[in-house]
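Produce the complete structure using the sequences and hints provided.
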Amino acid sequence: MCRFSTVLFALAALGGTAAAAQDVTIETARGEVVVPAAPETVVAYDLAAIDTLTALGVDLAGVPDRLYLSAFDSLDVTPVGTLFEPDLEALAGIGPDLIIVGGRSAAQLDSVAQVGAAIDMTIGVDLIADGKARIDAYGTVFEKQDEAAKLQSDLDERLAALKTAAEGKGTALIVLTNGTKMAAYGPGSRFGWLHESTGMAPAIPDLSTQENHGNVLTHEAIAEANPDWLFVLDRGAAVGEDGQSAEQTLNSPLIEQTEAWKNDQIVYLPAAELYIGGGGYQSLMTVIDAMTEALGA
Amino acid sequence: MSRPLGATIAVLVPLILASLMTGAASIHVLDALSDPWTMLVLMESRLPRTLAVLLTGAALSVAGLLLQALVRNRFVGPDTVGTAESAALGLLVITLMAPASPIWVKICVASLSAMAGTALFVALIRRLPPKEIMLVPITGIVLSGVVGSVVVYIAWQEDLMQYITTWLMVGEFSGVVAGRYEMLWFAGAAAGLAWFAADRFVILSLGEEVATGLGLGTKGVMRFGLAVVAVVSAMVVTTVGMIPFVGLVVPNIVSRVMGDNLRRSLPMVAAAGAALLLSCDLLGRLLRYPFEIPVGTVMGFIGSIIFLYLLYRRPARV
Numbered sequence: 000m001c002r003f004s005t006v007l008f009a010l011a012a013l014g015g016t017a018a019a020a021q022d023v024t025i026e027t028a029r030g031e032v033v034v035p036a037a038p039e040t041v042v043a044y045d046l047a048a049i050d051t052l053t054a055l056g057v058d059l060a061g062v063p064d065r066l067y068l069s070a071f072d073s074l075d076v077t078p079v080g081t082l083f084e085p086d087l088e089a090l091a092g093i094g095p096d097l098i099i100v101g102g103r104s105a106a107q108l109d110s111v112a113q114v115g116a117a118i119d120m121t122i123g124v125d126l127i128a129d130g131k132a133r134i135d136a137y138g139t140v141f142e143k144q145d146e147a148a149k150l151q152s153d154l155d156e157r158l159a160a161l162k163t164a165a166e167g168k169g170t171a172l173i174v175l176t177n178g179t180k181m182a183a184y185g186p187g188s189r190f191g192w193l194h195e196s197t198g199m200a201p202a203i204p205d206l207s208t209q210e211n212h213g214n215v216l217t218h219e220a221i222a223e224a225n226p227d228w229l230f231v232l233d234r235g236a237a238v239g240e241d242g243q244s245a246e247q248t249l250n251s252p253l254i255e256q257t258e259a260w261k262n263d264q265i266v267y268l269p270a271a272e273l274y275i276g277g278g279g280y281q282s283l284m285t286v287i288d289a290m291t292e293a294l295g296a
Numbered sequence: 000m001s002r003p004l005g006a007t008i009a010v011l012v013p014l015i016l017a018s019l020m021t022g023a024a025s026i027h028v029l030d031a032l033s034d035p036w037t038m039l040v041l042m043e044s045r046l047p048r049t050l051a052v053l054l055t056g057a058a059l060s061v062a063g064l065l066l067q068a069l070v071r072n073r074f075v076g077p078d079t080v081g082t083a084e085s086a087a088l089g090l091l092v093i094t095l096m097a098p099a100s101p102i103w104v105k106i107c108v109a110s111l112s113a114m115a116g117t118a119l120f121v122a123l124i125r126r127l128p129p130k131e132i133m134l135v136p137i138t139g140i141v142l143s144g145v146v147g148s149v150v151v152y153i154a155w156q157e158d159l160m161q162y163i164t165t166w167l168m169v170g171e172f173s174g175v176v177a178g179r180y181e182m183l184w185f186a187g188a189a190a191g192l193a194w195f196a197a198d199r200f201v202i203l204s205l206g207e208e209v210a211t212g213l214g215l216g217t218k219g220v221m222r223f224g225l226a227v228v229a230v231v232s233a234m235v236v237t238t239v240g241m242i243p244f245v246g247l248v249v250p251n252i253v254s255r256v257m258g259d260n261l262r263r264s265l266p267m268v269a270a271a272g273a274a275l276l277l278s279c280d281l282l283g284r285l286l287r288y289p290f291e292i293p294v295g296t297v298m299g300f301i302g303s304i305i306f307l308y309l310l311y312r313r314p315a316r317v
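Chains as they are written, first to last, in numbering that gives the first Met the number 0: chain S, 0 to 296; chain Z, 0 to 317.
Hints were generated in silico from the structure; no laboratory data involved.
Keep in mind that the hints are not guaranteed to be accurate.
[Claimed, not checked] If the Cβ cut is set under 8 Å, some of the chain Z residues that face chain S in the computed set are:
(1) A23
(2) L39
(3) E43
(4) S44
(5) E171
(6) V176
[To be verified] Examples of chain S residues toward chain Z, derived with CB under 7 Å:
(7) N214
(8) E219
(9) E223
(10) S251
Idealized CB from N, CA, C, for every residue including glycine.
Written out as structure tokens, the structure reads:
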């Protein structure tokens with residue numbers, strides 16, 4: 000009896016270690032989480048996650064029904080609801096080993112966790128650092144550490160190139176246009192990383208970081224700030240709307256007085272990559288390259 | 000000129016001056032003649048903005064007054080009976096179906112849709128028991144909620160939620176520069192037309208039977224009123240977005256002071272609406288200077304306080 004229970008105990012311990020070997024601990028937006036290593040069936044509800052996972056060569060089993068980014072046009076994956084409303088039945092039908100939410104879908108963590116192991120990989124305001132941390136975590140989970148390291152070094156390389164290109168280029172203002180309305184973003188806001196990674200000072204120093212949709216701005220305010228560079232994000236273009244474009248919105252005699260306009264230094268950023276895919280590897284590269292090219296000329 | 004109107008204009012003039020002097024650019028308005036930059040800011044930004052606010056405030060208040068006369072109820076405004084929501088619906092539909100269509104086409108569609116929505120409201124309240132006056136505003140709120148939810152549903156499906164926020168929730172003037180507000184002149188003109196028909200609206204507001212007995216073709220007056228309300232709402236929603244409460248509270252305040260003689264009170268309603276909206280817009284510009292708080296937000300806050308005050312202190316005259 001005694002020997003039998005010892006054997007049992009040993010078996011249990013063995014089983015325990017075997018299970019432990021298959022689990023990895025990674026850093027997520029909600030702290031450290033233990034997830035099964037090398038999950039086979041993966042569903043991602045976050046554009047940045049889909050972006051980085053695709054770059055790592057991870058095959059996805061389910062994604063939201065609309066992906067916005069042209070890079071994913073060829074992605075042929077089962078749709079499982081939208082970013083805001085996951086289709087739990089379709090999700091359960093896939094039977095995922097791991098579900099990734101983040102950003103716009105972060106609030107759905109509890110709801111998708113009913114179907115399978117789920118993690119929140121939201122990329123916060125500290126976009127570059129968080130983006131890299133996610134690459135790292137995915138590398139660990141999917142046992143692709145080498146690929147992850149490669150992506151990170153590529154990213155660092157491009158960031159260095161951007162910083163060099165931006166050196167001594169003066170002040171910048173990040174403006175998001177939505178129809179006829181404009182809003183400005185400063186350091187510490189969701190697009191603040193553009194200031195940090197270029198090292199360019201904001202043309203308006205005291206922009207609030209609290210407003211997710213920016214500081215509402217008039218044409219006058221832009222003329223008064225007189226930025227050397229205007230980085231423009233057209234929200235309409237980001238979600239594929241037609242109608243009034245950022246260019247039309249900005250075109251006023253007041254903005255024509257700014258250094259940015261006079262020197263043709265208004266940069267229309269890749270809208271979907273910045274607004275929707277923010278922090279995903281390929282999106283980051285696209286935005287950084289676009290900025291480097293515009294600044295480097 | 001009546002005394003209240005004189006007093007309102009006396010308030011309006013300093014407000015207009017303050018509006019011309021308030022903005023993100025640091026200029027001195029008095030230098031306008033000698034300094035081309037100051038002149039540019041004044042002509043491109045300050046003056047258009049001030050005019051846009053004045054026209055919007057005046058036109059919305061007059062539209063509110065007409066609507067209240069049409070449905071014989073003081074507790075309605077173009078933003079509480081579904082007119083503005085219907086305009087937004089029309090605007091959304093045309094934006095989805097023909098995004099590249101010129102602005103006047105969009106405004107025409109929005110106007111027609113606003114007219115249909117308002118006509119639906121008028122048809123609905125005719126079936127209500129005449130004594131239950133609070134059922135009228137409630138029906139309006141329900142109808143505007145229904146139309147608004149259709150707009151939200153379509154926008155949700157099409158990823159246009161943020162695009163419609165200004166049409167449905169917080170109108171603002173921050174995007175107004177020369178060349179981007181001129182449609183509001185038509186709204187002002189439509190409201191101005193109402194002055195010529197003012198006496199007919201007074202008769203209509205006595206009730207359909209009395210009006211017919213007095214020899215008034217009620218249908219024509221009704222249609223004209225609906226058209227003015229719809230056109231004003233559509234222009235405002237299209238150019239600056241929905242602005243709550245102006246059309247509701249201003250006619251009420253004015254009628255308390257001046258009674259219901261529309262021909263006399265119309266100019267006063269227009270002036271008071273312009274003054275109220277301009278003060279709210281100035282507040283919105285100053286509270287977070289040099290950034291802006293949408294005038295719709297400020298108006299919603301101040302307007303609801305005024306409305307509560309009106310509800311609790313019913314004047315002896317009504």
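Structure versus earlier hints, numbers of those that do not hold, lowest first: none
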